[in-house]
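Here the protein sequences line up with chains X, D and U, keeping their order.
The numbering used here applies: residue 1 is where the first sequence begins, and numbers increase by one.
The numbering used here applies: residue 320 is where the second sequence begins, and numbers increase by one.
The numbering used here applies: residue 558 is where the third sequence begins, and numbers increase by one.
Keep in mind that the hints were calculated from the coordinates and are not lab data.
For clarity, every value in this text was computed on a predicted model and none was experimentally measured.
The beta carbon of each residue, even a glycine, is placed where N, CA and C say it ideally should be.
Relax, there's no trap hidden among the hints.
Okay, the calculated bits of chain D under chain U, using three or more residues with CB under 8 Å as the criterion: (1) 349 to 356; (2) 359 to 367; (3) 375 to 387; (4) 460 to 467; (5) 479 to 487.
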Amino acid sequence: MQGLPFQPEQASTIARSVDNLHFFITAVTLFFTFLIFSIIFYFMIKYRRRSPGERPKAIEGSLPLEILWTAIPTLIVAVIFVWGSSLYFQNAEPPAGAMEIFVTGKQWMWKVEHPEGQREINELHVPLGRPVKLTMTSEDIIHDFFVPAFRVKKDVLPGRYTSLWFQPTKLGTFHLFCAQYCGAFHAGMIGSVIVLEPDAYERWLAGGVQGESMEAAGQKIFQQSGCSTCHLGDGTGPAPSLLGVYGQPVRLTNGQTVTADDAYVRESILNPGAKIVQGYAPIMPSFQGQLTEEQINSLIAYIRLLGKEQAKPKEEGKK
Amino acid sequence: MRTRRKRGLAVTELETHAAHTGLAHQFQNLDQQQDADTLGIWVFLVTEIMFFGGVFAAYAIYRGFYFAAFEGGSHILDVRLGAFNTVALLGSSLTMALSVRSAQSGNRRALVLFLILTMILGGVFLGVKAYEYDQKFVEHVVPSLDWAPEGAVLARLAPGGLEHAELYFIFYFAMTGLHALHMIIGMGLLLWLVLRSRKGSFTPSYFAPVEVVGLYWHFVDIVWIFLFPLLYLIGGRY
Amino acid sequence: MSTATLEPRVYVQRNYLNADYGWRSWLFTLDHKRIALLYLVSVTFFFVIGGSFAVLMRIHLVEPQGALVQPETYNKLFTLHGIVMIFFFLIPSIPAVLGNFLVPLMIGARDLAFPRLNLLSWYIYMVGGMFTLYSAIAGGVDVGWTFYTPYSSTYSNTQVTAVAIGVFITGFSSILTGLNFIVTIHKMRAPGLTWFRMPLFLWAMYATSIIMVLGTPVLAITIFLLALEHLFHVGIFSPALGGDPLLFQHLFWFYSHPAVYIMILPAMGVVSEIIACFARKRIFGYKVVGFSSVAIAVLGFLVWGHHMFVTGQSVYAGLIFSFLSFMVAIPSAIKVFNWTSTLYKGSISYEAPMLYAMGFIGLFTMGGLTGLFLASLATDVHLNGTYFIVAHFHYIMVGGAVMGYLGGIHFWWPKISGRKYPNGWAALAAAIIFVGFNLTFFPQFLLGYLGMPRRYAFYPAEFQVLNVMSSAGATVLGVGYLIPLVYLIWSMRYGPIAESNPWGATGLEWQTPSPPPTENFAEIPVVTEEAYAYAEKKGAGGD
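Starting from the given sequences, assemble the full structure and let the hints guide the process.
What follows is the structure, encoded as structure tokens:
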């Protein structure tokens, strides 16, 4: 299906399957449009009024016909529903081993942080053939990260994380658009996703301004902000150890169990009183207003790292 | 009763007679008119349920998210005043029902008396409400306008998070404010009924306006029955 | 002076138009027919305003960098275009103009159940409109008609409060109209007019009224809370202040999705009436079509989440909303098949109303089918937030609802005004509108699939060709809309006088003179026939 003049490039692993569904629905649309148009056209001519006094016989209806044209559309939409939903489910979670990149949106730019510390504005360099997972948040209002060539899109919300993933299958530069109206320069909040050969990507990563990795930056913040004072690694401190915590279930004082995902970590930093781990007191201060989104992202990267450090055979918790 | 037609068309004799009995020109008979009026007020009350339902739903969601803060906020309110107001409003519903009964039985004096009693009880409710609102200013828990809780109030609100406590008070003012607005409108309607009753507009065969306002008043009461526990009685201190 | 030379252009009979004169007789009228005309003038006024914004937008978009205005101004244009068109044209149009005029006539009553509420409805609508116009003049609003938070509540410094008040107030106009129709249809049907003898237009008005009554209050409270947030800088929907922006979206779409059914169901009712008349046949599957209207109204309340598939909501929520969104498509499909079948072995004539009805079926079918792309989760991810959405809803709102409205105006014009209009011009206008519409909005499907997001004041150059096509179409469409304005106004003075039933249609409204007297019927009629009793009617057209 490539090469049609009216579609964007198919540059990701899911693009073709999404397009296939799109074309099926297009075919259904064209078929029924053509069917209705031609039947109406035919009837309009065949049954045009031939004399002013014509009195057509009344036809009440036909139950068999009603059933037929209820059942057939129902069947067709059922097919589309199942097809679309299963594709959506399949594409909902990234494959294992996805690169994790942080994206922060703000009026009117995209800020990207690679785990190795590389930062970009309005551009996202990725290697060909590897799955990439974006963890995204907004500094101000709702934006939306949209890469037409990859057929991916997700809203980017203030105060919480959303994520999307893709695996590029083509080299090149592809449009990145903000697809949720966000004020004056919404149309200007655009950029590029640049897909490089894996070794070209490594070279790109190594060159340019080399900052420290996000995990290293996160560790620094962890120490400088005093987190390490209470969150001792051996668990003897007044706060729980964070080793092996990320992605695992956590039991709270109110009896509930939650998963320690990005949202949980973020909330624990900004609103620690909301959820207290069982066996601990609500003494953690809030860091609301003291950390930027990038610093929080770095902390999350570091806490993800700590999460891998206990040798537990459990797989990474699915959200 | 004044006629429904403004000017221009001649009003037929039938219409004049109908106008005297309270029958509006678009209806065939008083029964149809009464039926329509009753259905009309019920449909209107359904819209009110949807209106309040929206803010109740938003409230319920935030209460789920921030229970501790909402509980703290609730403890700032004076339960005794809330309970007193609940009794007053329930009493006013009783007097309203009695006024409808008086209209039905043609007892004009009782009708006027019960309507006035309903207004008095409604006024008591609003007076207490005004006092409560004033207290919020004294305690500095009015979102945006005077939000600076201190002392014992601050101690109650801090554990749940101050900004979520502010959210509680936004809902407190929005919900009770909308309710109070509906009550004020109701008081206006009651006054109108009092004036019409004194003129003798209502008879046992025509008292639909009393019924209609009665239904409205009962609805406003029911909203309060939900508001009271939702806002005042959060948490297990009782 | 000899009477033989007197031209027959003077009304000799008393009717609702000449019953009284002077501005007071119009502004204080309780006659549903006059109130309908008050609405006709107002909605036309707002249509022209909203349409002007659209023309400016399309002119601006012929160039990738934007040809006409600053981005901030463009954002205000699309916001006010949406707000004015949806709340001040589409939602009132058929119910408040045609519904108000026809419901009592079709039911065999002298007026609606609550004439004073009806007049109040119009005043409320006008007050809301004034607030909105004020907001436009006093600097504009740039938050989109969807008002998403926290942009609208915390960040935008435009006239959000003023327009929120305007929309809030106008909502009550909708609620009161719906209430009036529900009570009228339940309690004031003429003797013999059972539910299943009612014209389908009344079924459509009834279903629409249910939505108006149940949905609009939720919008009211949502806008109220939004205005509170904007005015007092509190945090109901704004995360920085403790609130949840997605809660706003849920509350907003809970009304605004059913709202689209408020906009389309009345047009479907009009189409049923027109097709029955111009095919001279009872609508095929009358009961099914009637029930479909109610089914659409009910199901329409269950699908709002399909506007939020990419917000990061749970996949299971997405699944449920997707499924229900497919379900709501089925009754509409059923109606299209029933209308088409009505033409079978009919006796079809092609006056302007029928052309509009046919245009409706074609464009609504296309628009509805493109909804399948959006109900399907996997394709919606790609298409959400792009011009595909814009094209989809314009096919239904403009290709569907506006054509239905125009068809209805053309069908009942002789009854409303007592005059006929030149059919040649009307047919020409219908054709121009059809062509202009498709040229404007079909390219937008392609733009959306290619990835051009909506609400962009400037865009990458590769999208220019399709944008220019769309703008060219908009010019044609604008011309098409102006033509009826001209000949309909012309007809009020120079059009041939219309008889009671120029189309030979069934229905109680056609048994009154054109225009009807103020009291509609000298005596309340008694109904003995089924609706659309064309086969049994004696005589051909006319009285």
